[in-house]
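Which chain is which? The protein sequence lines are A and B, in order.
The first sequence begins at 1 in the numbering used here and counts up by one.
The second sequence begins at 1 in the numbering used here and counts up by one.
Hint data in this document are derived by calculation from the structure and do not stem from the laboratory.
Wrong hints could be hidden among the right ones.
Said to hold, decoys possible - Some residues of chain B that are not near chain A, with every Cβ distance over 10 angstroms (derived):
no., residue
1, 14
2, 30
3, 42
What the hints assert, rightly or not - Only some residues are given here: those of chain A computed to face chain B with a beta carbon under 8 angstroms:
no., residue
4, 110
5, 157
6, 186
Said to hold, decoys possible - For each label pair, taking beta carbons as the anchor points, the in silico distance ranges come out as:
no., chain 1, residue 1, chain 2, residue 2, range
7, B, 27, A, 73, 49 to 57 angstroms
8, B, 97, A, 73, 31 to 39 angstroms
9, B, 4, A, 167, 50 to 58 angstroms
10, B, 69, A, 22, 32 to 40 angstroms
11, A, 21, B, 166, 26 to 34 angstroms
For each residue, glycine too, the CB sits at the ideal point set by N, CA and C.
This is what each chain is made of:
Protein chains: 2
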Amino acid sequence: MRIAELSRVGGVSTATIKYYIREGLLPSGRLTRSNQAHYTEDHVHRLRLLRALLELGGLTISRARDVVSALDSPAGSIDLGAMVARGPHAGPLATTLADPRTVAMVRTLAERRGWTAPAGGPQFATIVEVLDTLRELGQDRFTDRLDDYAEVAQCAAAIDEEILRTCDGDRAESTVVGAALGDVLLSALRGLARNGSGTASSPTLVTTGRNGAEA
Amino acid sequence: MRIAELSRVGGVSTATIKYYIREGLLPSGRLTRSNQAHYTEDHVHRLRLLRALLELGGLTISRARDVVSALDSPAGSIDLGAMVARGPHAGPLATTLADPRTVAMVRTLAERRGWTAPAGGPQFATIVEVLDTLRELGQDRFTDRLDDYAEVAQCAAAIDEEILRTCDGDRAESTVVGAALGDVLLSALRGLARNGSGTASSPTLVTTGRNGAEA
Chain A
1 MRIAELSRVG GVSTATIKYY IREGLLPSGR LTRSNQAHYT EDHVHRLRLL RALLELGGLT
61 ISRARDVVSA LDSPAGSIDL GAMVARGPHA GPLATTLADP RTVAMVRTLA ERRGWTAPAG
121 GPQFATIVEV LDTLRELGQD RFTDRLDDYA EVAQCAAAID EEILRTCDGD RAESTVVGAA
181 LGDVLLSALR GLARNGSGTA SSPTLVTTGR NGAEA
Chain B
1 MRIAELSRVG GVSTATIKYY IREGLLPSGR LTRSNQAHYT EDHVHRLRLL RALLELGGLT
61 ISRARDVVSA LDSPAGSIDL GAMVARGPHA GPLATTLADP RTVAMVRTLA ERRGWTAPAG
121 GPQFATIVEV LDTLRELGQD RFTDRLDDYA EVAQCAAAID EEILRTCDGD RAESTVVGAA
181 LGDVLLSALR GLARNGSGTA SSPTLVTTGR NGAEA
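Only chain A is shown next, with the shape it has when bound in the complex (with noise of 0.2 angstroms):
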């Protein structure tokens, strides 16, 4: 298809497309005799999966530029899901910033919940400076639940997990797609249960092993 239609099917303007395309975000379509690019659907899908990067993931162009060269590009070693987090921290922490109160506290829960990505990373960065930062707020006592609301997390992990599992296509735009939309799912379910939580059941977690028995 031409650029006019690629724009129509991907849902977003010629000059976005050009935009991309200069950016190595898009790749280039196949330049025709008559010097005119031809597009397939995966350009489509590519224009596809920016919108819901950019618009709804709320990542940088220049975040969105890395996660599309990582998937165009597999190597086993990059984080994909870390790539598209939410949160201010691209790379490891800054431990001269952090209180070392909160590191080790940190460290601890998730050597307890056999976390075993490496400490320091950017989640962990990440985890950090909200804590702290709850702390110079006063806000601690979601600090005090901080366990709990692992608990909630650890969940969702393993939904995102045992989807991967199941994965036929293609695992790693899955796992960017997994972490980047189901932030924002979890973050949007969240608020609704919160605002409407009077008339609901109150849920409570209960883990257990991979068995099923209660650990």
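Add chain B to chain A, keeping to what the hints say.
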């Protein structure tokens, strides 16, 4: 204190402080007779709140302005949590763009769970858009587990509410901070749990009534 000290204590440059005052995010200091502005601990606290909302919560300046206005002139009907929630929707659902089947699915979910928030609000709109986008991207597997994610989100909301119920200070500010930083915290915890779950126990959710009996 003078602006230089406010800058030092608040960890924000004087240029940024002046920008926040111009943008209506921070009240002006009290002018002393020497024609210098005098700032208080309230200014320090507000600066910390702004940093939390803008840097960690990822709010835009305009959204942060709405939030601090709402905090400064409380009105019971404003949903402070929704104001800071992640997602592209500040307004109601644009039903013309949404798939009616998705709208019906989310409405059914909310009714089944007893969520009384009116359908069509910003969070409702975000859920619909995420689900429509997942289908467009061929990631329906996540949608199939919507109820499990809703259960997780309801658990998080229940923790939020328990914290807010015991708030002895400014409940409105706690609501805002809990919603904004809670999303970031849950996202990072979920990422950490996902990456490190190789050896972790897999938690499962059990819905119980408020009295603790299984529903």
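Hints and how they fare:
No Cβ of chain A approaches the Cβ of residue 14 of chain B within 10 angstroms, the least distance being about 20 angstroms, so the stated non-interface status holds. With 10 angstroms as the threshold on Cβ separation, the claim that residue 30 of chain B sits away from chain A holds: the shortest Cβ distance comes to roughly 23 angstroms. Against chain A, the non-interface label of residue 42 of chain B holds: every CB pair exceeds 10 angstroms, the least being about 13 angstroms. At a threshold of 8 angstroms, the smallest CB-CB gap from residue 110 of chain A to chain B is about 6 angstroms, leaving the interface hint in force.
The interface hint given for residue 157 of chain A holds, since its Cβ lies 4 angstroms from the closest Cβ of chain B, which is under the 8 angstroms cut-off. A distance limit of 8 angstroms between C-beta atoms decides the matter here; for residue 186 of chain A the minimum to chain B is near 5 angstroms, and the interface restraint holds. The beta-carbon spacing between residue 27 of chain B and residue 73 of chain A, approximately 51 angstroms, falls within the hinted interval of 49 to 57 angstroms. For the pair residue 97 of chain B and residue 73 of chain A, the supplied restraint of 31 to 39 angstroms holds, since their beta-carbon distance comes to about 34 angstroms.
Judged by the Cβ atoms, the range 50 to 58 angstroms given for residue 4 of chain B and residue 167 of chain A holds: they are separated by roughly 56 angstroms. In this structure the supplied range 32 to 40 angstroms holds for residue 69 of chain B paired with residue 22 of chain A, their Cβ-Cβ distance being about 39 angstroms. Residue 21 of chain A and residue 166 of chain B have their C-beta atoms about 54 angstroms apart, which leaves the hinted 26 to 34 angstroms range violated.
The structure fails to meet hint 11 from the earlier list, while all remaining hints are met.
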